Structure formats: structure tokens, C-alpha cells
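Per our numbering, the sequence shown starts with residue 12, numbered consecutively.
Check the hints yourself; a few may be wrong.
In silico lysine to any residue, SDA-like type, Cα no more than 25 Å apart, as pairs [what the hints assert, rightly or not]:
no.	residue 1	residue 2
1	Lys209	Asp72
2	Lys97	Glu58
3	Lys136	Glu160
4	Lys77	Ser37
5	Lys97	Asp197
6	Lys80	Arg62
7	Lys80	Arg30
Here are the computed distance ranges between Cβ atoms for each label pair [as the list claims (entries may be wrong)]:
no.	residue 1	residue 2	range
8	Asp67	Ala174	36 to 44 Å
9	Ala27	Asp55	49 to 57 Å
10	Asp67	Phe187	42 to 50 Å
11	Ala85	Gly154	19 to 27 Å
No lab work stands behind these hints: they were computed from the structure.
Small disclaimer: the values here were computed from a predicted structure and weren't measured.
C-beta atoms are modelled at their ideal positions from N, C-alpha and C, and glycine is treated no differently.
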Amino acid sequence: NYRVEYTLAQSGVPRAWWRSVEHSTSGFVVECFVDELAAAAGADPLEFRLRLIGDDRKVPDFTDPKQGKPLNTARLKGVLKLAAEKAGWGSPLPNGVARGIAGYYSFETYTAAVAEVSVKNGVPKIHRLVYAVDCGRPVNPEGIRAQVEGAAIYGLSAALHDAITIKGGRVVQSNFNDYQMPRIADAPRTEIYIVPSKEEPTGIGEPGLPVVAASVCNAIYALSKKRIRRLPIRAEDLA
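All chains should be modelled from the sequences, with the hints used to inform the complete structure.
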């Protein structure tokens, strides 16, 4: 049992939606913490997740079981296994490169990603992102890939660059000239594997984002044993 209380705060700062809304932050927090638990248990991050998810079953996604669709644990485990298999989880990598994994459920869609990352002079470089996506019957596979590729860039931007700074009571950033976002040269090799399914189609415009920062930060931990607890990743977090 749990109880949550909240209050609305008045703010003079204009705000707008962020792609995948609250899942962008909760996916980062939850999947990094699960990875931290795996490390504390001395367990492989993938195997730890599969054991934690447990037996195949359906779990209500809302406090009221009559709302929404239940989470299907078999489908969540399925995308984790598929992403890991396609990424070569456990196979050797070049020196200075490590893998991280994350899996998440949002908008009734199951997504997992494996990131291959290196760090040089305090700057992370993402070499490869491998996705597995289960969004029900894949009506338009090319559209699915396009949405996930776009979400990957949004997720990398949040992980590596997106920051608003204040100086003299004003926001420093004014436009794309001083607000850094990933360019084509920053985009990693991205592979997207779609799970065949006869389930009804579910969301795909946003579920590709929550697993990006978590998989990148989990790879950084595998490489350096440094935990990233805030975004974007800063050089001092890697020192």
C-alpha cells in the first residue's frame, strides 16, 4: 500500500511537453536503479532483470485494475532477451567500450535497448544502439523504425546535451546556436528489431525514448564504475 500527495506550484516559466512525458524521467531513474541493484547483488544486469520480472503473468498497469491494459511480463522479458541477443550481450568488445541495457513499458508498448559506449576526456560517445520493440501487430514497420530512430536522437540529446542554465536572472540559451543538440555526426549506428505479434497495435511515437539515457548510463557504469544520477551527463560526473 502506498499514498501519494502532491500540490500544484505556480510558475512564471513557460513549459511544454517533452517527448514520452513522465516516462523520460521515470525510465531513467528506474532502469538505472535496477542496474545498481544488479551490481550490488553481483549479478549480470540482463539476468537480474529477467529474474526480477519473474514468471509470465499479467500485472495491472493502474491502481484500478479496470483501467488500461495489464503489463504482460512475458512480452517485457521478450524485448530484453531480443535486444541482448542482437547486440551480442556478453561477447567481447574493443578496449574502452562497454554495454548497458534497459527495458521499459510505456504507452502499452514494450521496449528494450542496449547501448555500446566509450568515454574519452570526460565525453561519452555512443557507438551503437540496439532496440527491440513490441508494439503489437506492426502495421507499418518502416514507420515504427522511423519513430524509434527519432526517439533515439531525442533520448541522446537528453542524456548528453539538453541543459538550461541561468545567469544574471536570465536563461543563457536563446536558440540552436547556443543550445546544443545531436547532429548527424553524433548519431550512433542504430538497429531496430520489431517483435512479430498478433496483439492489437499500441503506441510507438514515444516509447523509444525512456530506455536511451538509462542504457547509456548503465554502459558508463560498466565501463568506469561511476553512477550517473542526473542528466545531462557532465564531465565532472565522470571525473
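Within 19 to 27 Å or not, the Cβ separation of Ala85 and Gly154?
holds (25 Å)
Take the C-alpha atoms of Lys97 and Glu58, compute the straight-line distance between them, and say whether it is at most 25 Å.
holds (16 Å)
Keeping to a limit of 25 Å between CA atoms, is the pair of Lys97 and Asp197 held or broken?
The hint holds at about 22 Å.
Please work out if Lys80 and Arg62 have their alpha carbons no farther apart than 25 Å.
holds (23 Å)
Distance restraint evaluation - Ala27, Asp55, Cβ atoms, bounds 49 to 57 Å:
Distance hint for Ala27, Asp55 is violated at roughly 40 Å.
For the pair we were handed, Lys136 and Glu160, check the Cα-Cα distance against 25 Å.
With Cα atoms ~17 Å apart, Lys136 and Glu160 stay inside 25 Å; holds.
Are the Cα positions of Lys77 and Ser37 separated by 25 Å at most?
Roughly 23 Å separates the two Cα atoms, so the pair holds.
A range of 42 to 50 Å was offered for this pair. Does it hold for the Cβ distance of Asp67 and Phe187?
Distance hint for Asp67, Phe187 holds at roughly 46 Å.
Does Arg30 sit within 25 Å of Lys80, going by the straight-line distance between their CA atoms?
holds (21 Å)
Can you let me know if the beta-carbon spacing of Asp67 and Ala174 is within 36 to 44 Å?
holds (41 Å)
Taking only the CA atoms, is the gap from Lys209 to Asp72 under or equal to 25 Å?
Roughly 21 Å between the alpha carbons, so the hint for Lys209 and Asp72 holds.
The earlier numbered hint that this structure contradicts is number 9, and it is the only one.
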